[in-house]
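Q: If you want the building blocks of each chain, they are given just below.
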Amino acid sequence: MNDAPRHANERSVFDDVLALLSPAQLLRDPRATGEGVSVCVLDSGVERALLEQKFRARGQEIHRIEGAIFSPQQSEPLRYEGRQSTPHGTTVADIVLTLAPRVRLYSADVFGPQGSCDVEVVIRALHWAVDVWKCKVVNLSLGVPEQRLQQAHRRQQLLRAIEHAYFQDVLIFAAAHNEHPLTRSYPAAFAPPLISVDKALFADPLDFAYELREQVEFQAHGKGYFGPFANEPATSWAAPHLAGIAARLLSLRPSLKPFEMKAILYWMFQAANSNHADTEKRANPK
Amino acid sequence: MSEAAGATETILIVDDEESVRQTFREWLERGAIGCRILTAADAEAALTVANHQTIDLAILDWNLGAGNDGLQLLEDLYLFNPNVVAIMVTGFAHQATPLDAMRMGVRDYLDKNQDLDRDSFLRAVNRQLERIRPAKRERRLHEGLVAFREAVEMVLPLVRSAAALNDPVPLPVAIGSLFRFLVRTTGARDGVLLVRHYDAARQPPESCRAYTADGKSLEVDLAPFAHSLAGTVASLQEPYATERLDQAASSGSVELQPFERGRTSLLAAPLAVAPGVQVVLELFDKQSPTEPAFTAADRALAAAAAEFGAEMLRQALGEQQTHRLLLDAIGAALRASDRVAETLRSAVAERRDEPPAAVMEKLREGLRSTTGPDLDADESLRLMEAVRELAGRHGPPAVRHCTRLVQGVRDLLDSVAGVSEKEEGRPRARGPSQPSDAGEASRE
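Note that the protein sequences, when read in sequence, are chains A and B.
The first sequence begins at 27 in our numbering and counts up one residue at a time.
The second sequence begins at 11 in our numbering and counts up one residue at a time.
Some hints here could point you the wrong way.
No more than 20 Å apart at the CA atoms, straight line, and that leaves these computed lysine to aspartate or glutamate pairs for EDC-like [claimed, not checked]:
1) 226(B) x 200(B)
2) 122(B) x 52(B)
3) 122(B) x 79(B)
4) 249(A) x 200(B)
5) 160(A) x 286(A)
6) 249(A) x 253(B)
Estimated spans, in silico, between C-beta atoms of each pair [unchecked claim]:
7) 265(B) x 240(A): 32 to 42 Å
8) 190(B) x 283(A): 52 to 62 Å
9) 328(B) x 182(A): 24 to 34 Å
10) 199(B) x 194(A): 49 to 59 Å
Stretch-level coverage of chain A by chain B, calculated; a stretch enters the list once three of its residues show a Cβ under 8 Å from a Cβ in chain B [unchecked claim]:
11) 66-76
12) 106-116
13) 126-140
14) 255-268
Calculated from the structure, these hints are not laboratory results.
C-beta atoms are modelled at their ideal positions from N, C-alpha and C, and glycine is treated no differently.
Same shape as in the complex, but just chain B:
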């Protein structure tokens, strides 16, 4: 085994003759083609190598001896790497089965008996490498994209399902604890946390939610923030208490929230979180026979809790913002990968991987020499090329289906024309009914 520094492609030479293997190896090494070069004497050794190493280009002897042929080996190599490309070395190019050979990835023939020398050998190898390398790069890129998408799609549901991301204002659990502590310490009967979020880009721009001290959302119709007690407290920027909550709405500039109606006293503290985000703690109806009203100490406590709570909310908002940015970045990356994948698909579709003209000519010659004068070699090649494209796009099952269809057409035409098995190989009569029968077969 020899390996060039920075080699990316792997070439496998399979020939039962030691001298041929050595010669090919030397030609390749001196040709400085930058590939890893492996050799094998027979099909078994070749498959062992292929089991450990992805083979990009196989240089195969048509007759490997011991009853093996290169085409059969290529079919087996194909199982290890469906993108393997082969150069077939033979003295009998016309004996090759062109359709199978092309389908299996034979891209060139080298005739041992005619023009095989170092230059023609290296030319043939380089020609294939020029085709393999960009295709391989694209495949790697595509595989990378697929791996990337799989990884991202695994993460995406986790990020999306984060409850904090769905709420305009995330409420950490600690806020609830702080709230309950405040309710207990001040002796309030209960309380509500009012959260208002304003975003001019949304519709409607304002969303208000109210939560109990237990963290449960209150499903009530809330008054607009602009007419709420919470709005006033947010403007005052400090906790405020009142003992005449029932009179607060008498001026008309304020509309009491459903959970404020029927209350007597209120201690409200604003949490200065961020522009567009107002959070107000509201504590109701102090339950103390000695101190029926919220005291200055209660206000001071609420002010400290509000400072602390605001800091927690700012952090939660910051984390949410980070999550949003991550989600946006993932979305953008997925869209970009879609575009790259689409570009790759179109590039592959546009570039028809046609066999070299020399190969086609050899195949043409082979067809002419093995079939009768009635067979149009060019037409046959076009059929083969169509089948090869089919194989490239949809794989061997499609080709098998195609073969069955052709056999079906043949059987149908044979039965219509009354051609028996014995007459096979003779020129067939071209009757007027054939096209319509052929059409029936196709539909079948």
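Extracted from the complex, chain A is given alone in its bound form:
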């Protein structure tokens, strides 16, 4: 065994392997459509007919959206009738489908007619998405600001649910607070077992950035395409962008684990940046 320490500038075997690939190759692979990947949009419900109509008009057939409505009063979810509780969830689902139109989308409506997002309901819906729907990706654009989650035991319950998903190899994408880093939002603050997402503006919605800052690791495109306020930058729209990117990658290799996905996303960003730096270097040799 060679125990000699490797120098920082030494290339590893992974560098050589990954050099054969580029982020663009991965993301724009014709098979990277989200096919075979189940995604849960844990939000305020999805207006199914509208999205089916929109994508059909674009010549894209999407899988039938399924789902359930979760409420604080009932342990069993209510039947999903293809309706939204507010337009927010439809905008989020549209982003995922725009990036990965062949995912099997589940709508976990945690907003419901009550119009509130209780931590207990989020936890129940998360378990349902992982254990019943067997989703591989969960998007959580509805966050709970820190001041509304002061009780330590409730935070612990939420963390345990996130960890449960992590150990089931489920990827959770959670929107950071829009005032990040001034305000922390849960569950995005539980960054290690999930992927927390801040907003930024990118020319290409498939672009994203690794920007480790105050527990939030990634930035994704913060504008949507459908529905009110979709044009206003929001972390609510950024999280489903990264979830859609992950769904595309998962359709190429469905068994990826959360830490592997993080590593790949990190590498993709570094590679894209390095290519960009190389290009700049070639353009400006000085």
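Knowing the structure of chain A, use the given hints to seat chain B on it.
A: Below, chain B alone, put in the same frame as chain A:
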């Protein structure tokens, strides 16, 4: 005057003989009956006492001297306390006018000349106290209930008329001030406060209302919250602005509210009040030549105002909830008092306050000794008992009416039978026409 510790009932002894009063008092005090004992030598003194003290049991001498009789005094005592009960002490029980005596509350007779000793006296008093005490407790309870109901019924309209209680979501005046401040500070042309209340137990479960910055309710047909801009902002949990409000509805997932149509820019801020209660502030069309769009500073201001407003609304809702609980408690208490009152009424109705058998027997004897053989004493007693019950239920006017009816029947029968005033007191002939005539009289 003597008073037992914790005494609740008051006994008044009225006798013109000092020695009798003293004897009765001593018997009662030694008998430890737990009552306040008062004495009076004549009717005037007795009424003076009754004016200051509610008399529960009067022990009256039939002949009080100076032309007064115990029955007349009892009638006067009755004016002070209609529930007064009396024991008449007399050597001439048969002389008593039974009907009047029973009507006025005479429940026992003690014959000075026969069986009156300490034991029989205390037995008679205790027998009456056993009847007085539960009746008095019930009366007190009933009076308490009446007082309670009066007090509650005075409060009830005040609570019910509280406007805040009638609205699903109460809006304190301060919210309007905050709203107007926000409109002025951001430079918005105007604004609307949209209030949505959801309660699965109601029909329909969702109710939405919109208010202007002046606090006036907008009478418009509102789009469902699930398809509104306000719903999106409530989900985003933060203020949001858009400069292309006209395009917001193009996706089809949103339906613009009537007051949103034709607007250009919008700044909307959600107030996180409570589950089932969503309130959204919407400001329209910023009026600034230099800053035509709502700025980040406007959003920050709206966010702070929303936090503040949400706290005020939470407090208002809490107060409303307290009022509701109070109202529910009052309603429950009123229903409970109704049930208690009904129980009391049925208990009183079931318990016929019949005079003791000994009294009835004495009355029977009196009737036999003062009337002819044609008069059936038992039948007469039944009539008296019926009149007494009538008095108990409907008071003296009913008895007076009854007396007039009896007199009317008598006059009618007299005229039919041709009996003159002179013949009164003689046995009357029983003709075949009497029953039908009597029937006519009754109908009359």
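Q: Honestly, which of those hints from before does the structure not fit?
A: Number 4 only.
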